[in-house]
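We have chain A already, so just place chain B on it with the hints.
Which chain is which? The protein sequence lines are A and B, in order. Position one of the first sequence corresponds to residue 7 (the numbering used here), numbered consecutively onward. Position one of the second sequence corresponds to residue 272 (the numbering used here), numbered consecutively onward.
One or more of the hints may lead you astray.
Coverage of chain B stretches by chain A, computed from C-beta distances (three or more under 8 Å per stretch; other residues unrestricted) [unchecked claim]:
#, stretch
1, 418-432
2, 451-460
3, 490-501
4, 543-551
Which chain B residues stay away from chain A? Per the calculated CB distances, all over 12 Å, these [said to hold, decoys possible]:
#, residue
5, D297
6, K352
7, G353
8, L356
9, T373
10, C557
Pair by pair, the computed Cβ-Cβ distance ranges are [claimed, not checked]:
#, chain 1, residue 1, chain 2, residue 2, range
11, A, D206, B, D347, 52 to 58 Å
12, B, K352, A, P22, 51 to 57 Å
13, B, G421, A, D83, 52 to 58 Å
14, B, D376, A, P22, 27 to 33 Å
15, B, T455, A, I287, 22 to 28 Å
16, A, P114, B, S418, 43 to 49 Å
17, A, A247, B, D347, 53 to 59 Å
Just so you know, the hints here were simulated from the structure itself, not pulled from any lab data. The beta carbon of each residue, even a glycine, is placed where N, CA and C say it ideally should be.
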Amino acid sequence: MTTPVLETLNLEKRFPAGSKGLFGKTDRWVNAVSDVSLRLAEGETLGIVGESGCGKSTTARLIMDLVTPDSGEILFDGQQLHRDRANLRAYRRNVQMVFQDSSASLNPRLTLEQSVMFAPVQHGVPRAEARARARELLEQVGLDPARFAGRYPHEVSGGQRQRVNIARALALRPRVVIFDEAVSALDKSVEAQVLNLLADLKEAYKLSYIFISHDLNVVRHISDRVLVMYLGQVIEEGPAADLYAHPRHPYTQALLASMPSHDPDRRTTAPPITGDPPSPIDLPPGCRFAPRCAFASDLCTARAPLPVAAGRQTVACHLADPASGHPLLNGAKT
Amino acid sequence: MTEPLLDLENLTVRFRTPRGEITAVDRLSLQLARGEVLGLIGESGSGKSVTLRALLRILPEKRTAISGGMRVNGRDVLGLKGRGLRAYRGGTVSMVFQEPATALDPVFTIGQQISQAVMAHKGCSKTDAMKRALEMLELVKIPSAASRLGSYPHEMSGGMRQRAMIALALSTSPDLLLADEPTTALDATVQIQVILLLRELQKELGMGVIFVTHDVGVAAEISDRVAVMYAGRLAETGTARQVLGLPRHPYTQGLLASSVQGLEPGARIGAIPGMPPDLAQMPPGCAFAPRCALGR
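So that you can see chain A by itself, here it is in the shape it has in the complex (with noise of 0.2 Å):
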């Protein structure tokens, strides 16, 4: 098997959820991201689908190291990341990141083109380098530079401010690229346009994407693998068309089922499941999905599923371990 461009191996964080007192210590805690692995192969597009809360973003946020992990490694290309000034600095070169709020993630008081050029200032690209490559990258997400070099991020519009945020994360030429809901705030004509040109950017610049959305149609559009979060962990994992066909674990099945049919003649006539996601500060016992679970059983309130193989999707659920002793499994042998 060839050697993913991105690696995570058992990633774990979480956060302190208030304090007893002045000096107190903490014994509550928010389990953002437990145990999450996950490969992206050289090339590829990984979704990742989830509710608010599953740790889709804090996973993103730990891979770009702006969060540091509890425990569990990154590799970039096979190789350990060693969190030193001088190995981070060359990481960061290699992975990029595009984040949801276009606005929020540019500095209001530089151009357009100060933007795109600043990372590669700072990397020490010579100024009239940078500049020629900003405004070659701002002419490849469609943003004309006679035009648009010299706007403040305020004068332009909310697609335009993204399309700066991708030709930003290009202008140090990285391997990867990590967008977080990059697309959710567009509006849906506007969404498009901005699909269609990520599609035209990993072409030519030979990019694997690692693709966070709620969007699930946006998901499996843009994604050769889709990886499901909920409550912190990796619940399913595999090749977008086999999981959107057949979802294995019940939480993808109903995630899937809960999206709006688009056809007034099929509607949705009952809701998947019930209820909201549960919050990630006390975690139910066992199987994380186990209290909104149609199937759920003693088994899975006592013992948590571990990751099996199904098919070609990955999935943590009981249901899917011939072995696991579920009796609803039982029941159907016989």
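Okay, now just chain B, sitting in the frame of chain A:
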């Protein structure tokens, strides 16, 4: 023909801004029958939320000029004043907002907020109003409703808060419910629950609903009829089946084509070029012409 619940005739809303006057809603004519659900679709700046706010008469009066006809139950809404306006807002017509966290008052419990609305509009006692509040929470299927009456908004999850907001809006038995992107801020599995709840309540209570959304899928799930707005103007209206199945306006066609729903994964999306016009600098003639494939 019976009188429609809502009759908008050339509704025009203008705002005075530092950059000059802009027309947020431009000659909008729409009708809504009793017990009908109208899905109002459009992108940001298309005027869909402004239309709802104009209907509820909650736009800032000093900076807004509303003209045209706006009748609910045959009554002229623009002429309402004082007590009549108070009874209309929240009584005849009520609204569910996108962000229940900001629309609900953080310092009052859910029970207090609902009972206050009931007392103000129905003139009943506090005890009866609280009883009504409990009924409403049960109606929107909030688990252990009796204990939730004493909850503050921050103690509830997003989905639960939106249910409470719906309970509040329906507690005065309005004839017309305005829903401004009520499911946009919710997670997918919660969104579908709230849509199904609204559909069920609408059938049960028989009110008219205007449901504003930018999501074509959500509109398909809930609407009898659909109206598409672009740059403050009505682009197309018809039954949900007609508009979403066989759109006639190039903008509606473009909007539906720019969705990745049902598209071969990885295929090129038929995006509309350009972006919606600046309302302060509208193109002459058709507002969509500069982006239209058929325009000349």
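Checked hints:
{"no.": "1", "hint": "418-432", "verdict": "holds (count 4)"}
{"no.": "2", "hint": "451-460", "verdict": "holds (count 3)"}
{"no.": "3", "hint": "490-501", "verdict": "holds (count 3)"}
{"no.": "4", "hint": "543-551", "verdict": "holds (count 4)"}
{"no.": "5", "hint": "D297", "verdict": "19 Å, holds"}
{"no.": "6", "hint": "K352", "verdict": "37 Å, holds"}
{"no.": "7", "hint": "G353", "verdict": "39 Å, holds"}
{"no.": "8", "hint": "L356", "verdict": "34 Å, holds"}
{"no.": "9", "hint": "T373", "verdict": "17 Å, holds"}
{"no.": "10", "hint": "C557", "verdict": "16 Å, holds"}
{"no.": "11", "hint": "A:D206 x B:D347: 52 to 58 Å", "verdict": "54 Å, holds"}
{"no.": "12", "hint": "B:K352 x A:P22: 51 to 57 Å", "verdict": "54 Å, holds"}
{"no.": "13", "hint": "B:G421 x A:D83: 52 to 58 Å", "verdict": "57 Å, holds"}
{"no.": "14", "hint": "B:D376 x A:P22: 27 to 33 Å", "verdict": "30 Å, holds"}
{"no.": "15", "hint": "B:T455 x A:I287: 22 to 28 Å", "verdict": "26 Å, holds"}
{"no.": "16", "hint": "A:P114 x B:S418: 43 to 49 Å", "verdict": "47 Å, holds"}
{"no.": "17", "hint": "A:A247 x B:D347: 53 to 59 Å", "verdict": "57 Å, holds"}
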